Amino acid sequence: MFELQGDVVLDRAVLDDAPVDSTAVGVRAALLQPLAEVGDYDVMALRDGRIRVRVTVTVVPDAAAPQLTLDLAELEDQPSVAGRYVIREGGIVSFAVGHGIRRYAVLVQRASAAGTRTVLDTREHLPAGAMFAVTLVSTGGHRAANLANQTELRIAVDAPQQGEPYSPARPTVVRAGDGGFEPAPVQMLVGQAIVLIADTPARFVVEPPAS
Amino acid sequence: MPHLTVAASEAVFAKTLELVVDAVGFEPAGSHDFGAFRAGYDGRLVLAGGDVELRSDGTIRLHELDARWEKLELRLVLELPQLQIGGGCFDGPLGGVVCLPAVTLFRGSPRVAVTIDLAPFVRHELTLVGTPRVDYFDPATSPFTERCQQVHTALDIDDTKTQWRVYCDPQTIDFDPFDLADTAGDLLVDAFSAAIEALLPPGLGVIRDAVFAAIGSIGDLVRTLLDIPDDIAEWLSDLFNVSFGLFNLVLQFVADFFGRCVSFYQLDDPYPVFPATDTLLAVSVPIEDLQATVDDLELVVTANVGE
Amino acid sequence: MTFTDRSPLYAAVHEDGINRMLRHLRRQRPSLFNYATVGFTQYLRPLLCAPIDATDQVLASGQPLFTTEQPLPVIGAVRPIGLEFCLQVTDATVDLHPGDTLTLPPELGTLADQQFALRASACFGLGCPADGTLRNLVAEMEAAAAADILATRPTANPQTSPRSTSTSPAFAAGDSSAPDVVTAGEVICFCLQVFGVGHIQWTTVAGDPEPWLATRLDGLEVVDIETVPPSGLEDIVECYLKQVVELGILPRLIQPMERLMFDVTRMLQDNAPNVGQQVTLVPAAVPADVPHNPAVEHDELRVYVKIQARRR
Numbered sequence: 038m039f040e041l042q043g044d045v046v047l048d049r050a051v052l053d054d055a056p057v058d059s060t061a062v063g064v065r066a067a068l069l070q071p072l073a074e075v076g077d078y079d080v081m082a083l084r085d086g087r088i089r090v091r092v093t094v095t096v097v098p099d100a101a102a103p104q105l106t107l108d109l110a111e112l113e114d115q116p117s118v119a120g121r122y123v124i125r126e127g128g129i130v131s132f133a134v135g136h137g138i139r140r141y142a143v144l145v146q147r148a149s150a151a152g153t154r155t156v157l158d159t160r161e162h163l164p165a166g167a168m169f170a171v172t173l174v175s176t177g178g179h180r181a182a183n184l185a186n187q188t189e190l191r192i193a194v195d196a197p198q199q200g201e202p203y204s205p206a207r208p209t210v211v212r213a214g215d216g217g218f219e220p221a222p223v224q225m226l227v228g229q230a231i232v233l234i235a236d237t238p239a240r241f242v243v244e245p246p247a248s
Numbered sequence: 007m008p009h010l011t012v013a014a015s016e017a018v019f020a021k022t023l024e025l026v027v028d029a030v031g032f033e034p035a036g037s038h039d040f041g042a043f044r045a046g047y048d049g050r051l052v053l054a055g056g057d058v059e060l061r062s063d064g065t066i067r068l069h070e071l072d073a074r075w076e077k078l079e080l081r082l083v084l085e086l087p088q089l090q091i092g093g094g095c096f097d098g099p100l101g102g103v104v105c106l107p108a109v110t111l112f113r114g115s116p117r118v119a120v121t122i123d124l125a126p127f128v129r130h131e132l133t134l135v136g137t138p139r140v141d142y143f144d145p146a147t148s149p150f151t152e153r154c155q156q157v158h159t160a161l162d163i164d165d166t167k168t169q170w171r172v173y174c175d176p177q178t179i180d181f182d183p184f185d186l187a188d189t190a191g192d193l194l195v196d197a198f199s200a201a202i203e204a205l206l207p208p209g210l211g212v213i214r215d216a217v218f219a220a221i222g223s224i225g226d227l228v229r230t231l232l233d234i235p236d237d238i239a240e241w242l243s244d245l246f247n248v249s250f251g252l253f254n255l256v257l258q259f260v261a262d263f264f265g266r267c268v269s270f271y272q273l274d275d276p277y278p279v280f281p282a283t284d285t286l287l288a289v290s291v292p293i294e295d296l297q298a299t300v301d302d303l304e305l306v307v308t309a310n311v312g313e
Numbered sequence: 014m015t016f017t018d019r020s021p022l023y024a025a026v027h028e029d030g031i032n033r034m035l036r037h038l039r040r041q042r043p044s045l046f047n048y049a050t051v052g053f054t055q056y057l058r059p060l061l062c063a064p065i066d067a068t069d070q071v072l073a074s075g076q077p078l079f080t081t082e083q084p085l086p087v088i089g090a091v092r093p094i095g096l097e098f099c100l101q102v103t104d105a106t107v108d109l110h111p112g113d114t115l116t117l118p119p120e121l122g123t124l125a126d127q128q129f130a131l132r133a134s135a136c137f138g139l140g141c142p143a144d145g146t147l148r149n150l151v152a153e154m155e156a157a158a159a160a161d162i163l164a165t166r167p168t169a170n171p172q173t174s175p176r177s178t179s180t181s182p183a184f185a186a187g188d189s190s191a192p193d194v195v196t197a198g199e200v201i202c203f204c205l206q207v208f209g210v211g212h213i214q215w216t217t218v219a220g221d222p223e224p225w226l227a228t229r230l231d232g233l234e235v236v237d238i239e240t241v242p243p244s245g246l247e248d249i250v251e252c253y254l255k256q257v258v259e260l261g262i263l264p265r266l267i268q269p270m271e272r273l274m275f276d277v278t279r280m281l282q283d284n285a286p287n288v289g290q291q292v293t294l295v296p297a298a299v300p301a302d303v304p305h306n307p308a309v310e311h312d313e314l315r316v317y318v319k320i321q322a323r324r325r
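Protein chains in written order, with the numbering used here: chain E, 38 to 248; chain F, 7 to 313; chain P, 14 to 325.
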């Protein structure tokens, strides 16, 4: 006999098996951007053309944290948690959406004496070094594409077999260069993420099997 | 020579004590906060069977009583882990390890309260050796525990009169500690399994299978959540014996019940000889020096009539 | 030898306990030992043969201290008329076999096996009218007698004569069939020592399946009346007192067997219905189980009891 006591709500958006595009980060996707240079970065998340989240990330040589994850939906809902973040030089900022159906474009700019430089603007191509991760929630033949160079990757997604060792926290990493995706094709299990590393400027889409 | 002598054979006395035993009803409840989770219990213990033996050394032995839980509900309240997919870490292109944020299936806190009735899995035997102890009960001054008050209310014992009361005062109590079988642990795992299944409705499709596959053994999950080193049944036994202290509570209850709470013999003082009538008061005589002894054949109660 | 080797339940009361109980009974229920006409509740109260010893609780409760009796009728009076009187048992002692406390008068012989001896002090008081009262009453009686004679004549005066003014108001204003009570001028008392012997036996009472313990008087002797040569006076007094004891006092002292067990079976009996049983107490059989039951021996009254448990 049991009783669920907490106010638990299944996030149906997680199960939405729609195509995912690197121009807008949604609930199953994450965008990872290395910040190589020391300095202050102006980070903005835009939805419907308006800036919804704006924070500053400071990169310093000796910061403890090598990685920072910003949940854009949470930051929009609770602006008070937004603030100034610090990561180590060469560290990575992950942009994710923890829940819901909202999608955000991400704009990262670095201000310096020489002026303002755009480091990342997902509305355009992802710069080389950026990474786009998508968690796959259905089985079957998926397709990933780099619209920047019209290359494609076939992804076979299987269900875990009973008794088979399985961990969803085991991403499959694929590099996307001028010559296409490597390795290709790939085979993975449902619930796992695929990480597409842009070796050249890229715009990724990941599509589920045709129904 | 005492003024009054009454005696009951071992058979009659044994039957009387059996009725006292039948009246045993212990309803303990309690809880303990373990930080990561909270555990509580709600039980009802009864005694049955067993034998009563009067012994030549003046003691009464109640042995091999079946101490049976009619109810022993264990309630565990804890936060289930956030069920997630995706995530994980990989070697970054510029060196170092890069970790992905996982996708969380639920919003909110998946707190679950699991209740299992362990009564069918717990069996104790109780053996008690006691001696007759005489108390003088005065409603105005005699101390009374709240638990004893509840027992008296349930048994409809009249506590409004001064009385001599003779108890079977325990000198030793042998009571088996909680020793739960593995099947009790299975019950807990099953309950958690049902709770997690309820969290993951069939509409989740293949993801549901994936989450279950990720969880692997619910038993392992339970062990992790409750910080159980190995054997769940052993942990449950320790929970009742040590953490809840129920073993000691039962011992204390049995000692109080027989020794202070329910007497097997009571005599009103003053003792009514003639009842009251419409116009006349009752006639009663004071009872003094009441003593009770047993040997291996009978119970003997003696008393004097006061001046 | 144990108490219960012949029956599962045993109860005994020592004669010292019985005597203490009798004392409590006498003080808590004095109306069982004191009998008097209504005048003794009022103006004759100070003239009782012996003051009534009662507990403070009894005195405070206002319960009657004696049993009210009809006045002693004056035999042959022209109209019903009675005298105030009181009868008081002021002391009572029981000696259970073997008789080692009381010395019985020779007329009662030696205390037999299974018998008990009883010694009591009894006082009788008679409310005697003063001379003046008596003279008035004589005149009233003569007037009444004359009125009866005149009433037989055809020209009888229809007017009735007034009632006595020398009688107790309590009776004068009461039921016309009740005798008038002569106002007493003094109370003349005499006290006697009475000895008795008796035995105890089981008896049944309508409406109760369990037996009761009853006392039976086998003999009674008054020791203070001596006539030479012996006359019937002592026999008459003894006869009357025997009726008082056997018909008045002893029937009120019977006890249910259950009460004699001093609640040792209360737990069994109270809980029997809960386990679907009916528990009754029955005396152990004589002589199959025990030679005497109840037994009066070794200065104790002993009862041997068995339990019968039946499924309801």
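Treat the hints with care, as some may be off.
Unchecked claim - So, partial list: chain F residues that the calculated Cβ filter (under 8 Å) puts toward chain P:
id, residue
1, P8
2, H9
3, L10
4, V12
5, T22
6, Q88
7, V279
8, L286
9, V289
10, E304
These aren't lab readings, by the way, just hints derived from the structure by calculation. These numbers come from a predicted model, not from an experiment. Even for Gly, the Cβ is constructed at its ideal location relative to N, Cα and C.
Quiz prompt | Structure-inconsistent hints, enumerated in ascending order | solution = 6
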